[in-house]
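Each chain, letter by letter, is given below.
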Amino acid sequence: MIRLSIQMRQALSRLTLPVLMAVAFALVLVGKADTLLEMRLRVALDDALAPIYGAMAKPLMRAQDSIGWVRGLLDVQAENVRLRQETDRLLRWPRGAAARALRNHALEAQLHWMPPRPATFVTAPIVADTSGLYAHAVLVALRRGHAVHKGDIALDGGGLVGRVTEVGARSARVLLITDLNSRVPVMLAGSHAPALMVGTNAAIPKLTFWPQGVVPREGERVVTSAAGGVFPADLPVGTVHYSRAHVAEVLPDARLDRLDVIRLFDFGSLATVAPENAARRHRNGPP
Amino acid sequence: MGGTGMGGAGIGWAGMSDRLPGIRPAPTLASRLDAAGRAAFPAASTALGLLLISAPVGLPATAELRLAVAFTCVFFWTVFRPASLPPLVVFVLGLLCDLLGQAPLGLDILVLLAVQGVALKLRRILEKQGFVRVWMAFASCAAAASVATWLGTMALTMRPLSATPAVATAMIAAGLYPVLAFPLSRAHRTLAEPRHA
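Chains as they are written, first to last, in the numbering used here: chain A, 1 to 287; chain B, 1 to 197.
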């Protein structure tokens with residue numbers, strides 16, 4: 001063991017903090033230049049933590065269920081009234097839905113409709129909220145050998161949640177639609193006008209870039225658009241809402257503040273490759 | 001809050017420094033482990049706190065809370081027990097914050113090391129002050145650290161960002177300090193005291 005003098009030891013201890021600050025500054029620059037390093041570190045940490053968070057999630061969910069059960073007992077009369085009203089409303093649906101399904105089937109048959117490839121999906125629990133000051137993301141626990149890929153689309157029971165940005169052996173991070181970097185091409189269901197839903201780091205994303213002459217209506221349904229080949233068409237996103245400052249926003253259908261289980265869909269390659277050969281042949285005339 | 005006496009009843013042999021005079025038996029493995037555990041308490045409890053905040057318990061403002069807890073623990077332990085929270089440990093805690101919270105790599109490390117630097121500069125003065133003055137000093141330090149995080153994120157992402165999360169972090173940190181200071185100062189005198197091993 002090397003024996004150092006007291007003066008040397010004091011000098012070294014005084015130097016530790018500035019040296020580490022310089023290392024941290026270098027790490028900032030390296031992280032900026034090489035984003036893969038940051039991603040690899042994050043995936044390694046997520047893979048290590050996901051099983052621990054997963055083990056914690058079960059008793060926590062049980063405790064939350066117990067609290068919900070007690071709350072339900074206190075609120076049973078109001079809940080009964082609400083459920084009766086909802087049942088009445090839902091009972092009117094099946095006949096209309098069956099008639100619409102038949103008509104849809106007939107129209108598809110007439111148009112020789114080519115249905116998109118059915119998506120595969122996995123359902124997985126959210127085990128941690130990994131949001132930062134300026135980032136909104138959640139951690140999903142997966143089993144080894146899973147088939148989740150970067151870019152898969154996350155939905156909960158209500159609607160679009162976000163996209164998978166990082167995938168490890170036992171975990172995946174999902175960037176929420178409220179994140180600053182989230183841009184989702186959407187369509188206004190009423191007018192069929194395209195628009196862009198932009199995350200603002202707030203709880204409700206903003207609606208922008210709709211065509212001139214179209215005004216999004218309060219309460220209008222918003223669904224995903226296949227433009228750009230990132231999302232499939234017609235996934236439920238939310239409804240249009242105007243804020244106090246009269247800014248168009250999208251109230252998400254997904255319960256982003258209470259996510260517990262989500263489905264990760266693999267829609268395959270959605271980008272449509274232009275048939276270049278066919279176009280060239282068409283330009284040159286028939287052979 | 002949190003003065004450390006040199007002597008006193010209940011101080012174990014294993015925790016006593018080799019530099020202190022006196023004859024004492026050789027420390028056993030158990031007492032060595034106990035002393036190491038006590039020395040590691042500040043770092044371990046802070047890391048555990050940061051990890052628990054991300055657990056799915058439905059806590060609001062987890063990102064702000066995570067940073068506020070990091071500021072509070074680093075400031076408190078640096079002022080009252082700096083030997084148990086060396087800069088290298090703060091570096092690791094900052095990296096944990098960065099990776100857990102999707103912050104630009106290295107930014108939280110820099111900010112936490114800066115908080116430690118300020119706390120080290122002020123510790124000789126703050127050790128002799130009452131609780132309210134230490135609290136005020138911490139609140140100012142946390143506010144400056146939150147602003148630094150906001151400015152740093154803006155510089156690294158090259159886009160204007162709202163100051164609201166930074167303001168919220170500073171306010172949560174200021175509000176959290178008295179809540180955490182009580183159990184931390186208790187732990188400082190008992191659990192984290194290596195001389196009690």
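Calculated from the structure, these hints are not laboratory results.
Heads up, a few of these hints could be off.
Using C-beta positions, here's what the derived DEER-type ranges look like [claimed, not checked]: (1) B/61 x A/35: 20 to 28 angstroms; (2) B/140 x A/119: 29 to 37 angstroms; (3) B/154 x A/102: 52 to 60 angstroms; (4) A/44 x B/127: 36 to 44 angstroms; (5) B/88 x A/65: 37 to 45 angstroms.
Quick look at which bits of chain A chain B covers, simulated, 3 or more residues with Cβ under 8 angstroms [what the hints assert, rightly or not]: (6) 32-45; (7) 56-69; (8) 88-97; (9) 118-129.
This one's a predicted model, so the numbers in the text were calculated from it and none came from an experiment.
Glycine is no exception: its CB is placed at the ideal position from the N, C-alpha and C atoms.
Hint check:
1. B/61 x A/35: 20 to 28 angstroms: 27 angstroms, holds
2. B/140 x A/119: 29 to 37 angstroms: Check failed, 53 angstroms falls outside 29 to 37 angstroms.
3. B/154 x A/102: 52 to 60 angstroms: Roughly 56 angstroms apart at Cβ, these two residues keep to the hinted range, so it holds.
4. A/44 x B/127: 36 to 44 angstroms: Given a distance of about 39 angstroms, which is inside 36 to 44 angstroms, the answer is holds.
5. B/88 x A/65: 37 to 45 angstroms: Between residue 88 of chain B and residue 65 of chain A, where Cβ atoms are some 42 angstroms apart, the hint holds.
6. 32-45: holds (count 6)
7. 56-69: The restraint on the segment 56-69 of chain A holds, since 5 of its residues have a Cβ under 8 angstroms from chain B and three suffice.
8. 88-97: Not satisfied, violated; 0 residues make the cut.
9. 118-129: With 4 residues in contact (Cβ-Cβ under 8 angstroms with chain B), the coverage given for the segment 118-129 of chain A holds.
The structure is inconsistent with the numbered hints 2 and 8, although it conforms to all the rest.
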